[in-house]
Amino acid sequence: MSEKSEFSVGEQVIIEDTGLFYVAKIIEIKDNEYKIHYNGWSSRFDKWVKKEELNKDTELNRALMKFNNGRGKKEERLGKSLQIDLFAEMSTYSDSLSKCQFPILLREQLVEEWFMVTDENLFLPLPCKVTMRMILQTFLEEVKAESKTAFENASELVQGLVYYMNTDARKAVFYTAENDIIETVSKKSIPILDIFGAEHLLRLLFIVPMLYSTSELSQNETQYVHDVLSLLFDFLLRHSEYFCPFDEYVSSEQVIESLQ
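Positions 0 to 259 (numbering that gives the first Met the number 0) are the ones given, in order, by the sequence shown.
Calculated directly from the structure, the hints in this document are not laboratory data. Be aware that a few hints might be false.
[To be verified] In silico DSSO-like links for lysine-lysine, alpha-carbon gap of 27 Å or less:
1) LYS143 with LYS128
2) LYS55 with LYS34
3) LYS49 with LYS29
4) LYS29 with LYS46
5) LYS49 with LYS34
6) LYS55 with LYS29
7) LYS46 with LYS24
8) LYS128 with LYS186
9) LYS128 with LYS187
10) LYS46 with LYS34
11) LYS34 with LYS24
12) LYS29 with LYS50
13) LYS24 with LYS49
14) LYS24 with LYS55
15) LYS50 with LYS34
16) LYS24 with LYS50
None of these values were measured; they are calculated from a predicted model.
When you get a sec, could you build the whole thing from the sequences and use the hints?
Pasting the structure below:
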């Protein structure tokens with residue numbers, strides 16, 4: 000949640016409290032502090048907060064709030080293929096990796112796509128026009144032109160990402176609603192990297208801290224993972240054209256038909 004423009008008395012806002020997000024109303028403003036009242040709560044819970052703690056009550060922020068607060072229903076909503084509240088889990092891994100913040104714009108892309116799949120039953124058209132293989136190759140070429148050391152580190156991490164996509168991705172990268180699509184993909188001789196694109200790469204990057212949480216990485220190894228992730232995030236932010244517009248998403252039947 001990123002909107003931090005001016006707020007006014009009587010305005011409804013979204014605010015975080017002990018890891019969860021709530022809807023509240025601004026009832027008083029003094030200097031740079033805002034007194035808020037939680038909707039539906041007793042006034043004894045009213046409190047003063049800083050402007051930085053407030054978020055505009057927008058449709059997107061509502062989606063982020065719903066996604067973050069859905070821990071109790073995560074098995075029902077995300078299915079067994081993604082049984083972790085990733086937003087919460089990302090902060091529990093090694094200090095160095097957790098410092099690699101998932102950019103808000105990419106998180107918003109991830110959340111909006113999640114709602115398209117799970118709430119709207121609309122899916123990314125496949126094969127993607129810009130595939131994961133194309134994206135990773137372009138990324139490595141760009142890094143290579145800048146630094147040999149960075150290229151070597153990036154190549155190693157990319158190899159790990161590719162290996163995971165080819166072996167275990169179904170456990171965490173795909174949603175239950177995509178099962179029929181994945182079944183169709185598995186029957187094709189085309190490598191998975193030549194079918195999926197930026198959207199599934201983004202899902203994979205989101206769980207990288209989880210994937211490395213059980214590895215005994217040295218400080219240097221942890222740092223290079225952090226550095227490469229930062230480069231990848233920056234690369235994706237500069238290439239928003241790699242992501243399919245949501246108004247082009249289609250039914251699962253249409254996706255399967257296009258894969259035949």
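Original post:
What are the numbers of the hints that this structure violates, sorted from low to high?
Top reply: Violated hints: none at all, because every hint is consistent with the structure.
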